[in-house]
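Single-letter residue listing:
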Amino acid sequence: MEKTSLVSLEINVISAQDLRLHHRSIKKNAFVVVRTDSQNSCSTSVDTRGGSCPSWNEKLSLPLPNSAKFITVEVQCKTHSRIRTVGTANIPVSDFIGDYTPSFYQHFLSYRLREPDGERNGIVNLSIRAVVPQQYNLRPSPMPPLFGAGLLEAAEKRSGGIAIGIPVAYGRV
Amino acid sequence: MGGCFSDLKGGKQAVGGTQARPTAMDKDPEHGEGNNEAVDMFYKSRGLHALFTQIELSFSAAKLRNLDILSKSDPMAVVYTKKSNGTLEELGRTEVILNTLDPVWIGKVPIAYQFEIIQPLVFRVFDVDTKFHNLPVKMLKLNEQEFLGEASCVLSEIVTKHTKTLTLNLQNRDGHVDVKRLGTLTIHAEETIASRRAVEMILHCSCLENKDLFSKSDPFLRISRIVESGGSVPICKTEVVNNNLNPIWKPICLTMQQFGSKDNPLVIECFDFNSSGKHEIIGKLQKSVADLERLHKEKLGANFHLPSPARQGHEKILKGQLFVDAFSERTLYSFLDYISSGFELNFMVAVDFTASNGNPRFPESLHYIDPSGRLNAYQQAIFEVGEVIQFYDTDKHFPAWGFGGRTTDGSISHCFNLNGNVGECEVEGVHGIMAAYANALHNVALAGPTLFGQVINKASQMASQSISYGQSKYFVLLIITDGVLTDAQETKDALVKASDLPLSVLIVGVGNADFKEMEILDADNGQRLESSTGRIAARDIVQFVPMREVHSGQLSVVQALLEELPSQFLTYMRSREIKPHFANEVPVST
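For the protein sequence lines, the chains are A and B, in the order given. Start counting the first sequence at 1; every next residue gets the next number (full-length UniProt numbering). Start counting the second sequence at 1; every next residue gets the next number (full-length UniProt numbering).
Take the hints with a grain of salt, since some may be wrong.
As the list claims (entries may be wrong) - Derived contacts from chain B toward chain A, CB cut-off under 10 Å, selection only:
| no. | residue |
| --- | --- |
| 1 | A310 |
| 2 | H314 |
| 3 | E315 |
| 4 | S460 |
| 5 | Q471 |
| 6 | D500 |
| 7 | T533 |
| 8 | R539 |
| 9 | S575 |
Stated by the list, open to error - Here are the computed lysine-lysine pairs in the BS3-like style, where the Cα-Cα straight-line distance is at most 27 Å:
| no. | chain 1 | residue 1 | chain 2 | residue 2 |
| --- | --- | --- | --- | --- |
| 10 | B | K250 | A | K27 |
| 11 | B | K579 | A | K59 |
| 12 | B | K516 | B | K161 |
For the record, the hints were derived by calculation from the structure and aren't laboratory data. For every residue, glycine included, the Cβ atom is placed at its ideal position computed from N, Cα and C.
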């Protein structure tokens with residue numbers, strides 16, 4: 001079955017703080033890769049100057065597959081020899097779609113980055129806005145969305161288990 | 001300076017300038033907190049208030065009473081501020097206009113507008129006798145003049161109006177409305193900010209000299225304006241970047257008020273930070289804002305220099321250079337710009353109904369309603385905060401909730417409507433909140449535990465829903481509680497979600513509990529709140545004040561609670577580039 005995306009995301013990767021590799025602050029060359037699924041990803045340019053607090057202020061545009069439950073933001077660093085992952089954050093789609101805000105709302109979000117072994121790293125700051133085609137305007141629903149209750153630590157398990165209220169996916173197409 | 005316990009972190013913070021698009025994202029414990037913290041301390045320690053805005057009042061009147069026989073009255077207006085003990089203190093007076101019953105005075109009276117207090121004003125109009133017409137206005141003795149009428153209002157009534165103009169009916173001195181009509185007085189308020197223009201820059205340096213022994217210099221910049229007398233006045237200082245000879249600092253924003261004009265020379269000095277307070281100068285240079293703009297366009301660097309130790313009067317040019325990575329001009333609208341253009345503050349209240357307050361029937365209870373009329377802590381907080389904010393809320397319909405109580409259906413609720421009405425949570429006016437609160441004490445049994453999550457989520461829901469109807473409402477939730485939170489993580493989760501919305505949460509702690517945990521929510525120490533899912537608060541939206549702490553100082557609880565509100569409001573608006581309505585209107589060509 002083909003994964004269609006009605007929604008695309010306008011993501012502004014703003015900055016990051018307190019980035020560390022092997023417990024030491026990184027010196028430079030950090031960049032961010034944003035992934036909405038295995039086929040859709042986009043990265044920022046490399047920040048050569050900001051050190052452990054780089055800033056990019058770059059806009060990325062990615063389609064959001066209807067079935068996506070979260071998107072992945074990965075901060076990586078170009079060292080002499082290779083590219084290392086500093087930390088990853090999994091952002092549940094429910095944090096920016098399906099809450100009571102209108103679809104055009106620009107969400108300013110920040111997340112704790114986690115290393116592959118689960119250790120805490122720095123913080124990544126970004127803003128996300130969903131771009132929805134006119135006829136599927138996501139009016140905030142009167143039903144309370146299921147956020148907050150029993151969300152698993154997103155980094156530890158890859159399966160989200162998060163309920164999203166995108167009325168679009170059901171019965172419209 | 002530099003005693004054993006000096007505030008090192010505070011000393012490394014950026015000072016001055018102004019905040020253009022600040023967010024909690026600037027609050028990095030390593031680099032120092034958001035720009036305004038140190039500035040606020042600076043002002044407070046000198047008894048000034050950072051968040052006051054200078055306003056000028058101008059006056060006109062119509063249909064004044066005629067007291068002269070052969071000609072018309074010669075009126076003059078006087079403005080007083082009414083102090084808390086009821087006495088009046090004169091703020092200023094206009095000039096005398098001869099022979100008119102509809103004067104339009106030119107003389108303006110300056111007054112500092114403070115968001116967080118009620119500023120009652122009294123206006124009196126006098127007819128000045130001819131024999132005094134040659135005296136300077138300030139020498140006139142008012143008890144020797146003929147009284148024409150008096151009016152009073154509160155300053156926020158004037159500044160929140162779209163036209164910033166208020167017309168009042170003049171009355172007799174003792175407040176009685178005379179049979180004879182005394183005419184009207186019109187007051188207009190204008191902010192005296194000359195220009196709202198500001199400049200935002202990102203500066204970095206290269207090849208700075210190393211002044212430290214075992215590590216590299218810890219540089220910061222200080223920008224000063226040269227004044228006519230030849231000296232210089234510092235206007236801004238960047239944060240300190242540790243151990244770096246090629247530092248890049250966070251964006252700095254300077255208002256036109258601070259640098260004067262784009263051609264005014266500014267002195268930029270680079271220092272190496274020393275915890276002893278004796279910072280060593282690395283180099284300095286002199287550039288105007290226009291020069292800095294040119295440096296940015298041409299992507300050139302400017303060399304620092306130092307007075308040469310060897311040759312008198314000569315400057316040694318250093319290798320270190322200053323670069324301007326980013327330069328942009330912007331317009332910074334003030335809080336009053338937004339308010340008078342139609343933006344509103346929506347007030348909401350949540351009251352703690354947990355059993356730790358004590359049985360309301362006994363006088364020791366924090367919920368005891370004193371028949372003598374003395375307000376309990378809850379009533380005081382509701383009344384004083386509501387009294388200030390109500391002027392900024394046009395419909396005065398305030399949602400009011402209780403939490404931690406057992407309602408009439410027998411279940412404990414952490415978000416029940418204070419008015420007892422299942423469908424509708426709003427009450428009318430501050431008196432409506434007080435009445436609903438008193439009523440609820442009869443119908444709701446105190447229970448527990450102390451949980452804020454649900455009321456914060458409810459407030460977030462209302463704030464989110466209002467966004468669909470335009471983004472000119474900002475919500476203020478006042479939570480009054482006697483106890484420590486049972487589930488701090490639940491509250492943090494709710495606050496993290498709310499940090500992305502047009503909402504501020506004010507928490508007043510009443511009673512004698514140890515509120516240390518609550519102070520963590522306030523995030524004034526720079527630690528951003530983290531939810532259980534790893535999401536981090538986008539901005540600091542909480543202000544917490546324990547009621548008992550404030551009685552000793554000079555600030556009242558309300559002032560301490562409300563003083564951060566205009567800047568939290570501006571942070572939200574500026575970070576989303578939301579402008580006052582008049583800024584979006586297409587200018588009509590004349």
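Hint by hint, here is what the structure shows:
Evaluation of the A310/B hint against chain A yields a violated restraint, the C-beta minimum of about 35 Å exceeding 10 Å. For H314/B, the shortest C-beta to C-beta distance to chain A is roughly 34 Å, which exceeds 10 Å, and the interface hint is violated. Restraint check, E315/B versus chain A: the minimum CB separation of about 29 Å is more than 10 Å; hint violated. The closest approach between the C-beta of S460/B and any C-beta of chain A is roughly 8 Å, which is under the 10 Å cut-off, so the hint is satisfied.
Below 10 Å, beta-carbon pairs count as interface contacts, and Q471/B has one with chain A at about 9 Å; its hint therefore holds. For D500/B, the interface hint holds, the least distance from its beta-carbon to any beta-carbon of chain A being 5 Å, beneath 10 Å. Hint on T533/B holds. Least Cβ distance to chain A is approximately 5 Å, under the 10 Å limit. Interface restraint check for R539/B: the shortest CB-CB distance to chain A comes to about 8 Å, inside 10 Å, so the restraint holds.
Using the Cβ-Cβ criterion of 10 Å, the hint placing S575/B at the interface with chain A is satisfied: the shortest such distance is roughly 7 Å. At roughly 17 Å between alpha-carbon atoms, K250/B and K27/A fall within 27 Å of each other, so this suggested pair holds. Our distance criterion of 27 Å between C-alpha atoms is met by K579/B and K59/A, whose separation comes to about 22 Å. About 40 Å separates the Cα atoms of K516/B and K161/B, which puts this hinted pair outside 27 Å; it is violated.
Against the hints set out earlier in the document, violations occur for numbers 1, 2, 3, 12.
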